[in-house]
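Residue numbers (the numbering used here), protein chains in the order written: chain A, 114 to 215; chain B, 178 to 367.
None of these hints come from the bench; they were simulated from the model. For glycine and all other residues, C-beta sits at the position ideal for the given N, C-alpha and C. There may be inaccurate statements among the hints.
Here chain A is said to cover these stretches of chain B; the calculated rule only asks that three of the stretch's residues, wherever they fall, bring their Cβ under 8 Å from a Cβ of chain A [what the hints assert, rightly or not]:
#, region
1, 189 to 198
2, 205 to 213
3, 232 to 241
4, 322 to 334
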Amino acid sequence: MMEIGLTHYLVLSTLLFGIGLVGVMRRTNLLMLFFATEILLNSVNIAFAAISHYYNDFAGQMFAFFVIAIAASEVAVGLGLLIVWYKRTGNIDLMTMTSMKG
Amino acid sequence: MFEAIAFYTFAVLTTVMFYITVTTKQALYALTALAAGMIFISAFFFILGADFLGAIQIIVYTGAVMALYAFGMMFFDTTRELKEKNSSNFIVFGLSGLAALMIVLIFAAPIVSTNMAIAYPIDPTIGNSQAVGMVLFTKYLVPFEVAAIMLLVAMIAGIVLAGKKMDQSLTLMQDDDIVIHEEANKKVVI
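Looking at chain A on its own, in the form it has when it is part of the complex:
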């Protein structure tokens, strides 16, 4: 209990990933959906850093860096698209985005 091992970090990472998954499933506001995806990416970063520490391997930290870079560019493009959509329709509700419905 007092000795923190790899399993502790993996359990925490899974818990945070579950919270993010619940957010993705429940939210209809697209901005809140972006927040939930940030939680998903961050929980995976914890797992990468923990595995990198406990296996003495740098590859985990490197992958965490690239995940952060992906997240930053995703936010830039996503928010740009969101602003364009809000200017066109006046809301960012997920239920109104049915223009691709067959």
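We have chain A; now place chain B onto it with these hints.
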């Protein structure tokens, strides 16, 4: 001992902050709780000896991403209460089943990987930032450059998408001008 205290403290704080983020109905509370959670996550990186990753986490997430969200929220009507959806049981249970399967796989992974080969071993005699630089600029040079090009593409895309009609200042116009301007804007399909 202190590692355990720090781990449990920050684990509880991070979980609570992210729980607030996904359950609150106010967008501003969600943003603030998310920023706090990001800061608390960097504590795990410092505990794990990944100092450079922790600093990057604070700078990029709470410095850049959160500021971007805060500026982006100025465009949206965030004072309104958010609606939640109750999606069908099949989707929720299917995704929960997948998540449970993933938990089992994650717990089984260390058992399987006992004979995993170490690609880039951590040298304890040199500092973390120096070691990160040495690995990043030798073994991961090509992915690093590709990530740089991807960030450039994302920056240009953000400017092009969000920067439309930024040349007209609504604050310098008279009130009736703004009404006319908005009426004219409604007819324009972007």
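| said: So, against the hints stated earlier in the document, which numbers end up violated here? | reply: Of the numbered hints, all hold.
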